[in-house]
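S.K.: So the chains spell out like this:
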Amino acid sequence: MSPKLKFLIGGLVVVTVIAALIASSFGGTSSDYLTIAQVRALGPDQARDSRVAGAIVANSVVWSTSEVRLTFDIQDETGRLSVSYRGPQPDMLVDAVEAVAIGKYNPAKRVFEADELLMKCPSKYEEKQ
Amino acid sequence: MILADLGYGAIWLTLAAALWAATAASMGTWRRRPELLASARNALLATAGLTTLSCALLLALLYARNFQVQYVYEHVSTYLRPAYVLAAFWAGLEGSQLLWLWLLAIFTGVAVLRRPTWDRELRPYAMVFLAFAQAFFALLLVAISNPFQLMPDAPAEGISLNPLLQNFWMIVHPPIIFASYALWTIPAAYALAALVRGKLDATWLRGTRMWSVAAWATLGVGILVGGWWAYLELGWGGYWAWDPVENSSLIPFLVGTAFIHSAVVQERRDMFRTWNVGLATLTFVLTVFATFVTRSGLIESVHAFAESPIGYYYLGYMLLVLAIAVGLMLARYRELRGAGELGELLSREFVFLIVNLLFLGLAGAVMLGTLWPTLTESVRGAATSLTKESYNRFAGPLGLLLLALLGLCPLVDWRKTTSRQLLGSLWVQAAMALVTGVLLALLGDWPPAAVLAFAIVAFVATTILLQMVQSVVARARTADENPLVAAARVLGRSRRRYGAHIIHLAIVLIVMGITASQAHQVEVQVPLAKGATIDVEGYTLAYRSFDYQSSELAGNKLRNEVILDVYRGDRLVDTLSPERNFHSNVDGSVTEVALRSTLKEDLYIVLASLEPDGMAALQVLVTPLVLWLWIGGLILILGTLLALWPSRSGRPARNPEGEVA
Chain A
1 MSPKLKFLIG GLVVVTVIAA LIASSFGGTS SDYLTIAQVR ALGPDQARDS
51 RVAGAIVANS VVWSTSEVRL TFDIQDETGR LSVSYRGPQP DMLVDAVEAV
101 AIGKYNPAKR VFEADELLMK CPSKYEEKQ
Chain B
1 MILADLGYGA IWLTLAAALW AATAASMGTW RRRPELLASA RNALLATAGL
51 TTLSCALLLA LLYARNFQVQ YVYEHVSTYL RPAYVLAAFW AGLEGSQLLW
101 LWLLAIFTGV AVLRRPTWDR ELRPYAMVFL AFAQAFFALL LVAISNPFQL
151 MPDAPAEGIS LNPLLQNFWM IVHPPIIFAS YALWTIPAAY ALAALVRGKL
201 DATWLRGTRM WSVAAWATLG VGILVGGWWA YLELGWGGYW AWDPVENSSL
251 IPFLVGTAFI HSAVVQERRD MFRTWNVGLA TLTFVLTVFA TFVTRSGLIE
301 SVHAFAESPI GYYYLGYMLL VLAIAVGLML ARYRELRGAG ELGELLSREF
351 VFLIVNLLFL GLAGAVMLGT LWPTLTESVR GAATSLTKES YNRFAGPLGL
401 LLLALLGLCP LVDWRKTTSR QLLGSLWVQA AMALVTGVLL ALLGDWPPAA
451 VLAFAIVAFV ATTILLQMVQ SVVARARTAD ENPLVAAARV LGRSRRRYGA
501 HIIHLAIVLI VMGITASQAH QVEVQVPLAK GATIDVEGYT LAYRSFDYQS
551 SELAGNKLRN EVILDVYRGD RLVDTLSPER NFHSNVDGSV TEVALRSTLK
601 EDLYIVLASL EPDGMAALQV LVTPLVLWLW IGGLILILGT LLALWPSRSG
651 RPARNPEGEV A
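Note that the protein sequences, when read in sequence, are chains A and B.
Under the working numbering, read the first sequence as residues 1 to 129, first letter to last.
Under the working numbering, read the second sequence as residues 1 to 661, first letter to last.
Chain B extracted, bound-state conformation (with noise of 0.2 Å):
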């Protein structure tokens, strides 16, 4: 098998080039040759090359079903369509962690192509980092999750993939979460090159914000796209269910979303230097936790760790990343002070400072909730599970809270504010959110908690609204300009303000979502004989016609399917046609849902079975609001556009009044 073996082949060689460019970054900033420093960066450009091959080679031999790779044989069969082929490619540990080492490599192309500026100095620190990250994964795939492993022979068929992933959102979730992982990796290299180098001004914040920026706002539309996936595919009417697989990715989300709030205070005050280092890194550590969770499936259980010793190669990993920074930061303990002085508690910095504890404490909850089961199974010896109401019970608080700051914080100056000064600039948003607070819970039937977070919600909106408004007035004032004309002007000139405002308002919408649909669902489990009617919160389902068994050669299934006229009042809005199909290559029944989504609410349709004669059991959900969840992630991608635009001079935008919130 020259394919597998060229394969397998380009990854050592990957090890073998990470390492060089390791060892070589480091000799020639010590030994002070350039010539070395030149041969690191070419050895990371190679990485980039073979780690391409050996990518290119895995989806070729997906392609060809060559069932002889035990990873083709397990992921794809000869009736699977071409589209999940390349699903296929990630929907195992090998694979996964194949696409994370291509990605990091690219990265670290791309960071290492440009012409050094602001990071002459830190460039060949940041090497080393990235080429041991590398070196990492290589080491992996060679030792223990080989993805071109073969087998004695090659069966007839393969296994195909699991029919749940086979799923457009399935093509596009793994690769965006793993590309922000991936970009992580830089701001982390970054922040250990600054600690080795003792430069810890705001200098290596600054150069590599376009990374964090775009690695935050990758993984937070990722997480939105997972979110997605699970509510169209796994048939519960929810997107969120707090399980080891979700809370990964979630967990680094919260740790680097306190880091790129963070940076600022140190951008602009120069205070909060080791919560930088230390967020940034343990942000790049998360993701590789998130990784080890997400496919080896250890966290389900302690004994795991006997069935394979991949778990021990991730935590020595984690803990030897943790213990360098740990390490570097007291030996740096000096420089790590910053020039800024401390204000006064009723200051933005004190707000920050809250907002990062929020942030961790967050983070730190998620974590402890996923670790629960097997920390009680190893120290009482029976195992105990957080429950999905006990997760809410602290991230809906925690979670208001930091939305309740972010409605705050602009109103609270840098260093110093006075009570009055707060709650004589407040009166408007707090009038905007006790108004909605009071209409809702006299006309709605919302319970007190998601009263106050609506309030809170449109408390946010009024000062992001009013922030946006206020400078466009000023504009058009001073320049004499029309309103369109200044409000375009404006935010062509302060696009990081502007696209901080665009992601915030996409926040307090994902927020709305998502307080909406867990305060309100409504569900209803019927059977329903063809012919017959029911009706659910204003909407009729009518059971026009079935579909039993009905085979579908192309596809391997039998499909069961019917087919619901839905009526508002006596119009016909919608037809709708839940599916539960048996698929050749698993045992038991596939749910396909039928949806119908609105700005208001979806109404989600379970086809829960079907009988010979036509008798079918539905569940039927009417959720409201659903759809802001993923109207939020795609202003989420504007906002962080507009951010990370470069402006004429090619640096990306700054933001000349510093202000973002």
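Here chain A stands alone, though its shape is the one from the complex (with noise of 0.2 Å):
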């Protein structure tokens, strides 16, 4: 065999590794950007990972300072959910202001549990965790 072709085929089979595992983390734990409504309508066995966005509905905002959790309204044109999230309220949270929550949808609360919330800056360059 050519030493060419020995790193052709050798490359060819490193390549293939590092597609398939890339391939593979793609696949397996993304998360949709729903609507409201779409998640409103997510059963019991269908929970999954999923953004939902929408406006902060004004005057939601409820904060316990002694379970440490933050609960809140969102609102777009499809409907209206709660969102509740453990953990320090993010920085600049207002009303009006636009809210990513990244988490799963409880059917039997009816609330939207949210890991992480993103807040939407009105600025261009405010992009923040």
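Honestly, I wouldn't trust all of these hints.
[Stated by the list, open to error] No more than 25 Å apart at the CA atoms, straight line, and that leaves these computed lysine-lysine pairs for PhoX-like:
| # | chain 1 | residue 1 | chain 2 | residue 2 |
| --- | --- | --- | --- | --- |
| 1 | A | K6 | B | K416 |
| 2 | B | K416 | A | K4 |
| 3 | A | K104 | B | K388 |
| 4 | A | K4 | B | K199 |
[What the hints assert, rightly or not] Computed list of chain B residues with no C-beta within reach of chain A, every gap over 12 Å:
| # | residue |
| --- | --- |
| 5 | L59 |
| 6 | Q68 |
| 7 | L86 |
| 8 | Y333 |
| 9 | L484 |
These are computed hints drawn from the structure, not numbers from a lab.
C-beta: ideal position from N, C-alpha, C; glycine also.
Put the two chains together into one complex, using the hints given.
M.R.: Shown next as structure tokens:
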């Protein structure tokens, strides 16, 4: 076998391994962007990671110091959804700012249990965790 | 507004001078007219002056709080502290692009001021590409993102800078990143010049080595500083979230890392010519992509393209550069074949090939992940986003493979190694890896993946240290010197090689920090009344006092603060005061994290809320070995300085043995 062919085959094997690894992680744990109506339609057996975005409804933000829990409602053109998040409230959380909640919907409690909250800031630069 | 007009005019003149430089340099080479080449060089020196003037004027307008200028109005206020006015310069798209252009013009100026030596043939072509890059940014600034844009009338007060950006690291992080992007332009310009001229031996690589190593290290440090900022300021206890802005600077870093390693193969064995011109150009194009992602927000959604034409400018420029590079590579197909012959599969050449493929695969996957929501939205109509876990699932294994190769590579010879030779030379480090793995598996409660990672860390660290020690011992023996003298001599003689060793050790420390902090973070969220205590991971936190909404007019904020005494057992080790403040220019509150950093672990406390009666909610995180990321960053800087330190002849240190892994 010529060295060139050997390198080509060896290289292809490496490329295949890398590609397979990447493909498997992309297929696995991605989270879908859903509308509020789509989230609310999820049944008990359909719990999976999803992202849902909406404007924070005025006066709906409730912070419980004793539970270290934040609850609020978000709204889009398809409906309204209660979101519950355990942890410090994100910086600059205010009414009417668009929030992205990442987590799972709990149909029994009709609450979206978020593991992560992202605030969409009005300024283009202020992309942040 | 004479100052704003002057600043804007200077950018127009920069555009004109850059276009003239490109024309004169092309005509000068084509018609062999040295006076045209001299004129191109002068035009490029003029752009350095003009962009400096433009930057000085924008800075003056920011400090004068001249709110009639829209950029000033949007980013500063009368009460913003002077140090942060500097950060405001690069807080927006317009200022960032101006900074990019200025740095590029300065580096270009430095490059053309140096007496032509190795690059006598290539410089005119490189000047054309550098001038075009400057013209692109100048065009963006004059056509669609003018930092000197005036508003009809001047408001009395500005919007001010986002409090998250009011941090020392935000003053230094963006300029470091943009400096690295501008530095990467120079190797790319020479790669294209080498392609046009058909002079594709290692001359351009050796000549631009200093630029590319400096660009690489600057980008690495810039990314670490960004992580440090996120860790201190964003209050979630992490330093990396795989968000589009972070990813966009990581992608050129990965491709650039492939390039500086791949370059070694061409210097040593005259192989990988196509790889090297390709990787150098691609790195540059990806820095342009990163600027576009970071400052435009367009990655969020395809719809943003409809709102501003700026996306089309960037896309057009990136495609143009890539098309030129690919076209030239096809035209120079014959010259791209190097003289070096392929050896066996178990050879250092093949290891370097795998390294290239791994870095490119990693960069491609991060790129795909960054674009994933946009792609799925346009293909399926419904967007899907990658979670942090899915990034970790490919980045972890690929990163560890790369690390393992870093330990293996020095043991594999060029051309050919037998497996017997390889096995014979790696038993010491293999034993170290085994001992580390077994000890951690038995004594610690680390997950298996972390144990494997630490074993690889031990393997690689041993390989590097053995290499360093062996050459010192050899020198001490042959020259009959004291080991310390021998170490200093060896370090001084082969700076590039030892610089590389030190940089690799820094990478090992950083990987160690990443592994530990990812694998084993303890998090507690707890309400706490004044006078109460809680125990977390061996720390006792005693809530001593608080400060509820005390006003601080100078900073225009209301301060909420709790003061905690930190005990280890009965011993008071620290007093920490996490804050959550209200700023007048933003709605909602902004956290200031309290941190106690040690070599072993970080204690990180976020004040989640504070009631008027002092009832507080705290988030407490204990994360092992995070400090090693930043220590690794400092060592990386030292290693780079050593590698780049000019030798007495004024040339960058060359490595006589050329044995850079």
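S.K.: Work down the list of hints and note, for each, if the structure agrees.
M.R.: Status of the hints after comparison with the structure:
1. At roughly 13 Å between alpha-carbon atoms, A/K6 and B/K416 fall within 25 Å of each other, so this suggested pair holds.
2. As the CA atoms of B/K416 and A/K4 are separated by approximately 14 Å, the hinted pair is consistent with the 25 Å bound.
3. As the CA atoms of A/K104 and B/K388 are separated by approximately 15 Å, the hinted pair is consistent with the 25 Å bound.
4. At roughly 24 Å between alpha-carbon atoms, A/K4 and B/K199 fall within 25 Å of each other, so this suggested pair holds.
5. Distance to chain A confirms B/L59 as a non-interface residue, since its nearest Cβ pair spans about 18 Å, more than 12 Å.
6. Non-interface call for B/Q68 relative to chain A: holds, since the shortest CB-CB distance, roughly 20 Å, exceeds 12 Å.
7. Distance to chain A confirms B/L86 as a non-interface residue, since its nearest Cβ pair spans about 16 Å, more than 12 Å.
8. Remark: the non-interface label on B/Y333 is consistent with the geometry, its nearest Cβ contact in chain A lying 16 Å away (cut-off 12 Å).
9. Chain A leaves B/L484 outside its interface by the beta-carbon criterion, the shortest separation being 43 Å against a cut-off of 12 Å.
Violated hints for the displayed structure: none, as all numbered hints are satisfied.
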